[in-house]
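Whole structure, please, built from the sequences with the hints as guidance.
Under our numbering, the first residue of the sequence shown carries the number 1, and numbering increases by one thereafter.
Hint data in this document are derived by calculation from the structure and do not stem from the laboratory.
One or more of the hints may lead you astray.
Pairwise CB distance ranges, derived in the manner of DEER restraints [said to hold, decoys possible]: (1) Glu-173 / Gly-91: 49 to 59 angstroms; (2) Gln-62 / Thr-28: 21 to 31 angstroms; (3) Gln-66 / Lys-111: 31 to 41 angstroms; (4) Lys-37 / Asn-280: 31 to 41 angstroms.
Cβ coordinates follow ideal geometry from the N, Cα and C atoms, glycine included.
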Amino acid sequence: MNFQQLEYIVALAERQHFGKAAQDCYVTQATLSAMIKKLEEELNVQLFDRSSHPVLPTEVGQLIIQQAKVILHGQEELVALAAQDNHILNGELKVGVIPTVANSLLPIILKHIIKAHPELRLDIMEVTTEEIKSRLKNGSIDIGILVTPIHDPALEEEVLYYESLMVYGVEDENKKFMLSEDINSSKVWLLEEGHCFKNQAMTLCKIQEDRSRTEHLEFSGSSFETLLNLSDTFGGFTLIPELFYQTLPAHRKKRTRGFGSPIPVREVSIVSHRPAIRRNIIGKLKDLIQERVSPRLLTQELEESEMDIISI
Numbered sequence: 001m002n003f004q005q006l007e008y009i010v011a012l013a014e015r016q017h018f019g020k021a022a023q024d025c026y027v028t029q030a031t032l033s034a035m036i037k038k039l040e041e042e043l044n045v046q047l048f049d050r051s052s053h054p055v056l057p058t059e060v061g062q063l064i065i066q067q068a069k070v071i072l073h074g075q076e077e078l079v080a081l082a083a084q085d086n087h088i089l090n091g092e093l094k095v096g097v098i099p100t101v102a103n104s105l106l107p108i109i110l111k112h113i114i115k116a117h118p119e120l121r122l123d124i125m126e127v128t129t130e131e132i133k134s135r136l137k138n139g140s141i142d143i144g145i146l147v148t149p150i151h152d153p154a155l156e157e158e159v160l161y162y163e164s165l166m167v168y169g170v171e172d173e174n175k176k177f178m179l180s181e182d183i184n185s186s187k188v189w190l191l192e193e194g195h196c197f198k199n200q201a202m203t204l205c206k207i208q209e210d211r212s213r214t215e216h217l218e219f220s221g222s223s224f225e226t227l228l229n230l231s232d233t234f235g236g237f238t239l240i241p242e243l244f245y246q247t248l249p250a251h252r253k254k255r256t257r258g259f260g261s262p263i264p265v266r267e268v269s270i271v272s273h274r275p276a277i278r279r280n281i282i283g284k285l286k287d288l289i290q291e292r293v294s295p296r297l298l299t300q301e302l303e304e305s306e307m308d309i310i311s312i
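Next up, the structure:
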């Protein structure tokens, strides 16, 4: 029995398909199948019901796969502990990032992380806040980058930056900044359920219920770009974060305004389940992200009293 075999049975349990599991493990289907069969023979049990579609673990297989996850997670922690004193990060780092942060942050930082740590392999997925919290606790990702505070005692947060919230859809060219009372809550385009940015927009604009609709249209968006297009077509406002604003073309920036003081901001953090194990990685990523992002942000010039951190 070896770690590789344990990785194979965990992959098959998750993917429920030999071919897909083999792809995830970067081996042929025949190799994966043979190694799992060999493990079953060593343990003298059948781990999977191969007659079922999708392929499912047997009852005893479920117990063994659960323990395999514990063992593999322990192996990762040993590697992480051994790497604490390394100046160069290496190995694989599984990262969950919420979509409303990923779309503007990742293009800024990824190239620089890869250049600074060429031996580090990043496995990045866009997932919701709740999914990140769940995956951190079950060990399927190492760190999350999301909006905080999330008030979960099992998780630790390291603040990366504060990002101001802005309003798109302003027609008055003479208006220098917006106040929450300037926004008609019946004309605000919002992201769909599951996005914490929707909750922040509703809090800031004092919206009691989602009214992303017109007389003939009801809509839940999954991206800022879609919401901007709807605002252009039907009128109304939508809220966007500052880093996303910086990616807009000039004609769209002209339709965007910041808020008056205190400026509403969102707090973006690295979140981890067992921070002591990954202190070196978290510290280096935090420094690199702040180095690339902080100079771009208005909040760098603000005192804490001038910011209003919007809850999620």
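Against the structure, the hints come out as follows:
no.	hint	result
1	Glu-173 / Gly-91: 49 to 59 angstroms	holds (52 angstroms)
2	Gln-62 / Thr-28: 21 to 31 angstroms	holds (26 angstroms)
3	Gln-66 / Lys-111: 31 to 41 angstroms	holds (38 angstroms)
4	Lys-37 / Asn-280: 31 to 41 angstroms	holds (39 angstroms)
In summary, this structure violates none of the numbered hints.
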